[in-house]
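Colleague: Sequence:
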Amino acid sequence: MSHNRLLQQYSRLHRGLEGQACAVSLQQLADLLCCTRRHMRSLLAQMQALGWLEWNARSGRGQRSELRFLRDIGQLQRQQASQLLEQGKVEQAVSLLGDDPQQLAPLLLSRLGRRWSEDRQVLGVPYYRPMPKLHPGTPLRRSERHLVSQIFNGLTRLNEEKGEIEGDLAHHWEPYSDLEWHFHLRPRVRWHDGRELRQDDIAASVARLRAQPLFAHLRGVRRLSPQSIALELS
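Note that full-length UniProt numbering gives residue 73 to position 73 of the sequence shown, counting from 1, and the numbers run on in steps of one.
Derived by calculation from the structure, the hints in this document are not laboratory data. A virtual CB, placed ideally from N, CA and C, is assigned to each residue, including glycine. Certain hints may be false.
Claimed, not checked - Per label pair, the in silico range of CB-to-CB distance:
(1) Leu50 with Glu160: 46 to 56 Å
(2) Asp72 with Pro132: 38 to 48 Å
(3) Cys35 with His192: 43 to 53 Å
(4) Gln83 with Ala216: 19 to 29 Å
(5) Asn56 with Leu33: 47 to 57 Å
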């Protein structure tokens, strides 16, 4: 049985007995969870192995066994929800905790922002719809454009506060003619994996942009020097 399903059964058992230690027969527990005595015995063994409860079985007709709960159901649910969030299974975590904001908010906030996971930097961002592929130059909503601006670099960038164009991958640029601009790249620019940016990478990006009607006037990129390129327009 999956951990989630076992937790659901424990929750039903915990609620049914109000979380109190009691003397109860195996058949009464089986009736509570609507299962057979054999399956109930298996569930109790699994829950006891996890340290959730203590079950002292007594043999003999009419004898009642002793059941004592060791773990609070809310604590177990929060622990399991945290593991689901770690795996990126947000919907399952929300479903597990229901709509209780007092339980959901602290867990969700703990997963947001920048953090380290398995020697990797992870940025947690709340999103209320499926995330599209984030490619610069493609039609995107405002929130997605903001994410793109934080992830990708361009030859230049727009400073929205000043309303000015600033350098990004290029530290300087100038028009060569009405249909040609020259860009001088910053040295030693590297990708996230440590590979150095090459002019071929910029040419490939321009080729992808040309597939969009907005950028159909881009003819291509020409190498001028190891750190300079020409962007040709039509």
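Colleague: Look at each hint and say if it fits the structure.
Modeller: These are the hints, each one checked on the structure:
| no. | hint | in the structure |
| --- | --- | --- |
| 1 | Leu50 with Glu160: 46 to 56 Å | holds (53 Å) |
| 2 | Asp72 with Pro132: 38 to 48 Å | holds (41 Å) |
| 3 | Cys35 with His192: 43 to 53 Å | holds (51 Å) |
| 4 | Gln83 with Ala216: 19 to 29 Å | violated (49 Å) |
| 5 | Asn56 with Leu33: 47 to 57 Å | violated (19 Å) |
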